[in-house]
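So the sequence lines, in the order shown, correspond to chains B and Z.
Numbered by the working numbering, the letters in the first sequence go through residues 115 to 369 in order.
Numbered by the working numbering, the letters in the second sequence go through residues 430 to 733 in order.
Derived from the structure by calculation, the hints contain no laboratory data.
Wrong hints could be hidden among the right ones.
Said to hold, decoys possible - Okay, derived cross-link-like pairs now, DSS-like style, lysine-lysine, Cα gap no bigger than 30 Å in a straight line: (1) LYS563/Z with LYS541/Z; (2) LYS718/Z with LYS367/B; (3) LYS718/Z with LYS470/Z; (4) LYS148/B with LYS718/Z.
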Amino acid sequence: MLWHRVWLETRWRFLIGLIILVCSAGGSVLAYPKVMALLPLVPSMQDGGELGRRIQEAAQLARSYRGYIWSQWYRQMPVQMGTLFAALLGTGGLLSQSIGGGTLFTLSLPVSRARLLAARTGAGLAELAVLAFVPSLMIPLLSPAVGQSYGIADVLVHGVCLFVVGCVFYSLAILLSTVFGDVWRPLLLACAAGFVLALVDLLSPARSTFSLFSVMNAERWFRAGQLPWAGLLVSVLASAAMLQAAAVNYARKDF
Amino acid sequence: MATDAPVIQTIDLRKTYADVEAVRGLNLRVPASSIYGFLGKNGAGKTTTIKMLLGMVRPSSGEARVFDLPADGADTGVAIRQRTAFVGEDKDLYDGMTVEEMTRFTASFYPKWRRDLEERYLRAFDLPPHRRVKALSRGMRTKLALLLALCRGADLLVLDEPTSGLDPAMTEEVLQALVTHVSRAEATVFFSSHQIAEVEQIADHVAIVDRGRALVSGALDDLRERYRRIQLVFDGDAPQPAFRSPGVERVRRNGRVLSVLSSAGADGLVDEARALNPVSIDVVSVTLKEIFLDTVAGENAVED
Chain B
115 MLWHRVWLET RWRFLIGLII LVCSAGGSVL AYPKVMALLP LVPSMQDGGE LGRRIQEAAQ
175 LARSYRGYIW SQWYRQMPVQ MGTLFAALLG TGGLLSQSIG GGTLFTLSLP VSRARLLAAR
235 TGAGLAELAV LAFVPSLMIP LLSPAVGQSY GIADVLVHGV CLFVVGCVFY SLAILLSTVF
295 GDVWRPLLLA CAAGFVLALV DLLSPARSTF SLFSVMNAER WFRAGQLPWA GLLVSVLASA
355 AMLQAAAVNY ARKDF
Chain Z
430 MATDAPVIQT IDLRKTYADV EAVRGLNLRV PASSIYGFLG KNGAGKTTTI KMLLGMVRPS
490 SGEARVFDLP ADGADTGVAI RQRTAFVGED KDLYDGMTVE EMTRFTASFY PKWRRDLEER
550 YLRAFDLPPH RRVKALSRGM RTKLALLLAL CRGADLLVLD EPTSGLDPAM TEEVLQALVT
610 HVSRAEATVF FSSHQIAEVE QIADHVAIVD RGRALVSGAL DDLRERYRRI QLVFDGDAPQ
670 PAFRSPGVER VRRNGRVLSV LSSAGADGLV DEARALNPVS IDVVSVTLKE IFLDTVAGEN
730 AVED
């Protein structure tokens, strides 16, 4: 029943995220023929700076369907929206239940705080896994409609990378939710952390191959067919550490 | 009716928030099967004490034990809450759930959940099963919180200001439901209140707390038996005596009248008072309200 309670609290955030990501994935697939038609019109920019380089790179990648899907979808939408919704799912919980009521009622139940946090984390991670895998599955399902195919292995790898790195932002939001009593500060701080990381990537492209977002969009898998093991491991460890810190915070907290 | 083994015991319990001492060395002993009124002004430390008993707040020092288990342990806290029902002052429930969902949710945590009582109270309290908690009136919300507490099959009911914000009719209904339930279920009730009348109405034991300390505690009948007011009237201005008899709680001087509140009967004090040559000596019994007001206003104080 604790899972049900978490579901009631987070279902709208989850469903909105799912709808946005599914529509975005489907839209990217269905837009492929139009993008292909427009591709010859992309001018050859030799001196367009970073923006020109990116446009040229996207045009280059779009010459293959796999490259198009990666550059137009995996590289952008799940990374941005995945980060946002991972943080959104992680906010709330025991401290901020005062918004919807029930903090003292929950604490009066014969359940340890560790179990309360475990139920919340478990339910949130399940929702995050759905957000990571289900929109991706739309791609192989809809690809035949535009005369293309997309490998399930790619879907699974991207899903795993999205999920594991999404867990970092989810865990950060959970940890911040054990510190702040409202839903906004944890959300804003988790998103701000994502924004800073993205800014570092932008300002220092050389380092971006080692960045969290590079792991999240599985760039290494796309370009070299190798899984970003080190990045995934670091993400798992960081998430575990933040969840452990959240559990310690919960255990110490006076309500 | 009450047995010797305490259901709740606190020993020199303290809780400090930053520089505020909410509870200052509280000693309580709540007998089994009693209805224990925890009486105090707003801010006396009642809610903090209750939260410590339920493991929601960790004591700064001292000890809180419920069913002889430490209240601040993670595992023992769960064991305590398995046998305890709680109604918070704000009737803090899940606003997004319906009455029926709230009931099913709560029932899932209690193997001894009383389905028969649930049906009875749903009818008696006239609670609409499909209405959301946030749409319930204050009174309905209190009734739902009470239903969720009473149906758990709990050995201990901990109620924090259960009637706060209710009109007199609703207050009476809630108190009657409580008394009826306890008389049938052999449970212990520990309830906080700043309403002296309701404590006097249903409690058989009471503790009066002020600024985090218990000033008076014991069986209500025993308190009524022990507490006496001795009124001395003099020809001229009343003297400022230093009584040696035990149990002098408060001495108040008002012109020719000296009023002494004693917590140890009146016999010794009357003998001592006669030596002051008053015109008259009256010994009167005191109400809980008088005990409360006098003890909270100050211990052993001599007032002009």
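Please verify whether LYS148/B and LYS718/Z have alpha carbons no more than 30 Å apart. violated (84 Å)
Does LYS718/Z pair with LYS470/Z here, judged by a C-alpha cut-off of 30 Å? Since the Cα atoms of LYS718/Z and LYS470/Z sit roughly 12 Å apart, the hinted pair holds (cutoff 30 Å).
Hint consistency between LYS563/Z and LYS541/Z [alpha-carbon to alpha-carbon, up to 30 Å]: Satisfied, since the Cα-Cα distance of roughly 28 Å is no more than 30 Å.
Given pair status - LYS367/B, LYS718/Z, alpha carbons within 30 Å: violated (37 Å)
Of the numbered hints stated above, those contradicted by the structure are hints 2, 4, listed in ascending order.
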